[in-house]
Amino acid sequence: MKPILSVQHLKKIYHTPKEEIVALDDISFTVEEGEFLSIVGPSGCGKSTILSLLCGILKPTSGLIQYAPSIHIAYMLQEDSLLPFRTVLENCLLGLKITHQLSFTNIQYVRSLLKNYGLEDFIHHYPHQLSGGMRQRCALIRTLALKPDILLLDEATSALDYQSRLIISDDIYNILKKEGKTAIMVTHDIGEAISMSDKVLVLSKRPSKVQTLYTISFPEKETPMKNRQKEEFQVYYNQIWRDLDVQL
Amino acid sequence: MFNYSEEHAAYLRAIRKQKFWIHFFRIFLLLFFLIFWEISANFGWLNPFLYSSPSRIFITLFSLDSSLFHHIGITLYEVLLSFLASSFLSIVCASFLWRFPFLAKVLDPFFTIFNSLPKVALGPLIIIWIGANLSSICFMAFLISFFTTTITIYQQFSSVPSSYLLLMQSMKAKKYQIFWNVIFPSSLDSILTALKINAAMCFIGVIMGEFLVSKKGIGYLIQYGSQVFRLDLVISGILLLGILSYLFYLLIDFIQHFIHKKRGN
Chain A
0 MKPILSVQHL
10 KKIYHTPKEE
20 IVALDDISFT
30 VEEGEFLSIV
40 GPSGCGKSTI
50 LSLLCGILKP
60 TSGLIQYAPS
70 IHIAYMLQED
80 SLLPFRTVLE
90 NCLLGLKITH
100 QLSFTNIQYV
110 RSLLKNYGLE
120 DFIHHYPHQL
130 SGGMRQRCAL
140 IRTLALKPDI
150 LLLDEATSAL
160 DYQSRLIISD
170 DIYNILKKEG
180 KTAIMVTHDI
190 GEAISMSDKV
200 LVLSKRPSKV
210 QTLYTISFPE
220 KETPMKNRQK
230 EEFQVYYNQI
240 WRDLDVQL
Chain B
0 MFNYSEEHAA
10 YLRAIRKQKF
20 WIHFFRIFLL
30 LFFLIFWEIS
40 ANFGWLNPFL
50 YSSPSRIFIT
60 LFSLDSSLFH
70 HIGITLYEVL
80 LSFLASSFLS
90 IVCASFLWRF
100 PFLAKVLDPF
110 FTIFNSLPKV
120 ALGPLIIIWI
130 GANLSSICFM
140 AFLISFFTTT
150 ITIYQQFSSV
160 PSSYLLLMQS
170 MKAKKYQIFW
180 NVIFPSSLDS
190 ILTALKINAA
200 MCFIGVIMGE
210 FLVSKKGIGY
220 LIQYGSQVFR
230 LDLVISGILL
240 LGILSYLFYL
250 LIDFIQHFIH
260 KKRGN
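Chains A and B, in that order, give the protein sequences.
Each step along the first sequence adds one to the number in numbering that gives the first Met the number 0, with nothing skipped, and position 26 is 25.
Each step along the second sequence adds one to the number in numbering that gives the first Met the number 0, with nothing skipped, and position 38 is 37.
If we strip away everything but chain A, and leave its shape as in the complex, we get (with noise of 0.2 angstroms):
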């Protein structure tokens, strides 16, 4: 299969008045059409930077970032950032009216988004009267609304309380599979990321290189919530956890 999104020897430098910081060194790796990769590291090895690299909010100092030809990508962030002032459809239709893309069609697609992610009923509503697992569905069908091919989610569940998490990790999953989306995640939650993915990367702390490379295989495709009461899931945790473990 040829690779959506190919990294080479990506290397990034935040420069302040005081010092220059080394975030990432030197990372590569690749990405297949359908996947879902995770990258996972310690605290501060510039996870977030390389999504902002890969959705082009950032430069890299050095280093290459090659995309198939076409292709669109969407980022959701750690926190949904859902605009206090615009109700639940607005919020969702925004990365549209940005974009100038705001057709019938476009805005039906959205509609029945909301529809099949059980949000119908507050389209009208605004953000403070969702609860904390309908706000981070409503910003991934914002995300979901510019039709992207490959997503990019920054620590997506971080801001909730642990059941939410596990919820709306299999909301995500499923979600991501049915509208057959490539994804890369950032997280911090080891066992997020082995339950939810086909490959884990796994990154040495600041400045930052690829440790190690995890292809995820369980016997059968299942969702995250059952992928964790798994064997194969504690192997995997036990090995990321000891990769990690080497830096701290």
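Hints in this document: simulated from the structure, not taken from any laboratory.
Just so it is clear, the structure is predicted and the values come from calculations on it, not from any experiment.
Among the hints, a few may not be true.
Cross-link-like lysine to any residue pairs, in silico, SDA-like; alpha carbons within 20 angstroms at most [claimed, not checked]:
id: 1; chain 1: A; residue 1: 96; chain 2: B; residue 2: 185
id: 2; chain 1: B; residue 1: 174; chain 2: B; residue 2: 159
id: 3; chain 1: B; residue 1: 173; chain 2: A; residue 2: 51
Residues of chain B placed beyond 12 angstroms of chain A at every Cβ, according to the derived structure [what the hints assert, rightly or not]:
id: 4; residue: 33
id: 5; residue: 41
id: 6; residue: 67
id: 7; residue: 129
Covered by chain A, per the in silico footprint, the following chain B stretches (three or more residues, Cβ under 8 angstroms) [unchecked claim]:
id: 8; stretch: 158-166
id: 9; stretch: 175-182
For every residue, glycine included, the Cβ atom is placed at its ideal position computed from N, Cα and C.
Since the structure of chain A is provided, determine the placement of chain B on it from the hints.
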């Protein structure tokens, strides 16, 4: 149309009751003050020549008949003109400062200087430059309100959470799109609060200006009254000002409530 439980009905009744008592005590306080004032003046506890009385104020205002509305009209016109000019230019100027952070850094000390400068000190200069007329009064009021309002609104623009900006950047939004979709609507509530203060400042500026140059307006009435020692006129003018500025405040407050309601708060 709705079926409330007994408890909910009681809760709603309690709210209505509280609202009633708030209004009741407001009116009571006002009437009590006016009546006490009137009685004190009539019984000679207060010298009505120095402290006036509600009935004397009423007679004073009545004796001005149509010229009263002329004076009110002039003052309101000046306030409105300076309020609109300074509100509009403040918002425009704050937007530019947000759009061009370099400019904001360069201008920062100058804004601070002009903001803390007592503008009344510029009064004589303004009169000489512009002349003793309506424009100089409005300009005075404008100067008093413009800098504070600009600084307040600019600070509001800059304090919009950075996660919203990151979101917009991830959608490849242009600067003007970020401004109109996030910065301005997020700050709207605070802008209106700033405009409430702006309105009060414009009243201060206009009255100050009228003290200095005018032959018309409420400020002139007060000034004239004190010169011919008709304190009834002075106190009437002050009372009128209080009422006008409160009405102005209510107008902006109404707009703010409307926005809150629209946003589901």
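Hint check:
Proposed proximity of residue 96(A) and residue 185(B) is supported: the alpha carbons are some 17 angstroms apart, at most 20 angstroms. Under the criterion of a C-alpha separation no larger than 20 angstroms, the hint pairing residue 174(B) with residue 159(B) is consistent with the structure, at around 14 angstroms. A threshold of 20 angstroms between alpha carbons decides the hint, and for residue 173(B) with residue 51(A) the separation of about 17 angstroms falls inside it, so the pair holds. Non-interface status of residue 33(B) relative to chain A is upheld: no Cβ of that chain comes within 12 angstroms, the nearest being about 43 angstroms off.
At roughly 55 angstroms from the closest C-beta of chain A, the C-beta of residue 41(B) stays outside 12 angstroms, upholding its exclusion from the interface. Distance check on residue 67(B): its Cβ is at least 43 angstroms (rounded) from any Cβ of chain A, clearing the 12 angstroms threshold; non-interface status holds. Non-interface status of residue 129(B) relative to chain A is upheld: no Cβ of that chain comes within 12 angstroms, the nearest being about 41 angstroms off. Counting residues of the stretch 158-166 of chain B whose C-beta lies closer than 8 angstroms to any C-beta of chain A gives 5; at least three are required, and the coverage claim holds.
Only when three residues or more bring their CB closer than 8 angstroms to a CB of chain A does the claim for the stretch 175-182 of chain B stand; here the count is 3, and the claim holds.
Checked against the numbered hints given earlier, this structure breaks none of them.
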